[in-house]
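Chemist: Take the two lone chains, each set in its own frame, and fit them into one complex as the hints suggest.
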Amino acid sequence: MSRRSFMKKTAAAIAAAAFPALPFAIAQPRTHRVEISGFKFTPDRLDVSVGDTVTWINRDIAPHTATAAEGGWDTGELVKGAQASITVTADMETSYFCAFHPMMKARLSITASDQ
Amino acid sequence: MKQKLLLAASMLALALQATPSAAQSPAELNDLQIAHVAYVADNIDIRYAHLALAISSNPAIHEFARTMIRDHTAVNEQALALLKKLNAQPQDNFLSKQLTVNSEKLIDEMSQLRGAAFDKRYAENELAYHKAVNDLVGNAFIPNIENAEVKSLFEAGLKIFKAHEHHAEMMVKSVSK
Ligand SMILES: [Cu+2]
Chain L
1 MSRRSFMKKT AAAIAAAAFP ALPFAIAQPR THRVEISGFK FTPDRLDVSV
51 GDTVTWINRD IAPHTATAAE GGWDTGELVK GAQASITVTA DMETSYFCAF
101 HPMMKARLSI TASDQ
Chain D
1001 MKQKLLLAAS MLALALQATP SAAQSPAELN DLQIAHVAYV ADNIDIRYAH
1051 LALAISSNPA IHEFARTMIR DHTAVNEQAL ALLKKLNAQP QDNFLSKQLT
1101 VNSEKLIDEM SQLRGAAFDK RYAENELAYH KAVNDLVGNA FIPNIENAEV
1151 KSLFEAGLKI FKAHEHHAEM MVKSVSK
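Chains L and D, in that order, give the protein sequences. Following our numbering, the numbering of the first sequence begins with 1 at its first residue and continues without gaps. Following our numbering, the numbering of the second sequence begins with 1001 at its first residue and continues without gaps.
So that you can see chain D by itself, here it is in the shape it has in the complex (with noise of 0.2 Å):
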């Protein structure tokens, strides 16, 4: 019975592990690789907020910030559970790397502007940001998630960011009147 236990607890971190690749293209990444784009991404967006908070004085823009920090938490959270559970490691990769280094670039552009400029600019990031990252999510990686709760947490966080991405352009829409 215990070795049986064992042996389906290595088949599953067998099939969780990485083929130790260098994906380049974002179809060929493994689920450990893209729960870590993933957890990277929320965490983008929760940096993103964060100056948002620190530089608007627009309470619907302090709001939406809010929401943005709320809800990638919650899914950062049921993420971090899950991979314990799998008893995995998110892996570092091209895409994870290549989207720290575009915020960084953004948040250092962001970090310039005040008053109208910023909340112009951080709702028209924040709606172009979820577009890109649902349009992933959506058809890169869903498709190729191997793991079936991997995939409905996937699929849950995806709800989640079109609704972002249809208050995002709400809130486009609001400041830029």
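If we strip away everything but chain L, and leave its shape as in the complex, we get (with noise of 0.2 Å):
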């Protein structure tokens, strides 16, 4: 035997001593984008699970923001070009708007994560 196969034997013994319990590989968190353009989210309704990421990026002249429902999150102002991301947590509020234009509404759905 090689010493780098002895090696990589070695590596697979200790990592499947140490995550016994694992029955797959702990999902990478994701980042996901959320276009605003023509006074829309899109896509308006959109899956992730805790520790992903979205981005919210606005194309429109106008500024917008994406904001929680009842406030609990909120980007901020988004000026035309400008991009702001939050990180998904497993309490936080799913129906959001745009804070400017209460008419643009749009929801996140946490999936359970599959850890």
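Since the hints were made in silico from the structure, they are not lab data. Small disclaimer: the values here were computed from a predicted structure and weren't measured. Treat each hint with caution, since some may be false.
Cβ-to-Cβ under 8 Å is the rule here; a few derived chain D residues that face chain L [stated by the list, open to error]:
#, residue
1, T1067
2, D1071
3, M1110
4, A1156
5, A1163
Built from N, CA and C at the ideal position, the CB exists for glycine as well.
Modeler: This is the structure we're talking about:
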């Protein structure tokens, strides 16, 4: 056995011993994009998992925000071309709107994480 | 090469130049007159909004007024940047003058009102004003604008003002309760 393949096998054995209870790998957090354009959030419904990041980017001339319906989180003002990100937490509000144009509404849908 | 550029620039300037007309109908205005009307119309709505911030004590009216200032300021910044890029000056005309005269009357009238009476008048005027401007922009201006960049800015503007019209409808309902 070469030294290198011995090292590989050892590393794999240590990894298996360290995480014996995990049936599959932990899903990597993902980054989602929501485009704000023409006074709409696209997509207006987005499936996310805890730990993911949602990035809103404004393509309109008019400034917008993404603001939780009860105010629990807020991107703040996004001028044309600006973007802001929020990390998904288990207890965060899922309905949101634009604080400047309250008829602009959208929601996140938090799916059970696969951990 | 340099000469070609100069030629292109002067042709663009010609295309944007006023036919020194005394247009009497919105559809007869040239691009630079249209740009001026839009600029004046934006500023009028900003003035109404400042009046609302000064007189109203209704938080929803304040929110709405701040959105009007924020959005119309953003549109005007884009319009000025475009005119600068095209090396053009907006041109005063019958319609921009008429809009200014009308708005001064309305500001005098609304300045006399207080409380719920002001809120109602302001919201109703915002609805009527955005409706009128959208009609003008959609039906008289956009079909007649020659410069493609100016046209696309007006199309983006119209989307914003339609959202404002919709927002104003909600305001009218909420202050009429
Ligand atoms: Cu908005």
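Chemist: With reference to the structure, classify each hint as holding or not holding.
Modeler: So, going through the hints one by one against the coordinates:
Interface restraint check for T1067(D): the shortest CB-CB distance to chain L comes to about 5 Å, inside 8 Å, so the restraint holds. The closest approach between the C-beta of D1071(D) and any C-beta of chain L is roughly 4 Å, which is under the 8 Å cut-off, so the hint is satisfied. Annotation: interface hint on M1110(D) violated; nearest CB of chain L at approximately 23 Å, more than 8 Å. Proximity of A1156(D) to chain L holds as hinted, the smallest CB-CB distance being about 5 Å (cut-off 8 Å).
Annotation: A1163(D) was flagged as interfacial toward chain L, and the flag holds, the nearest CB pair being 5 Å apart, inside 8 Å.
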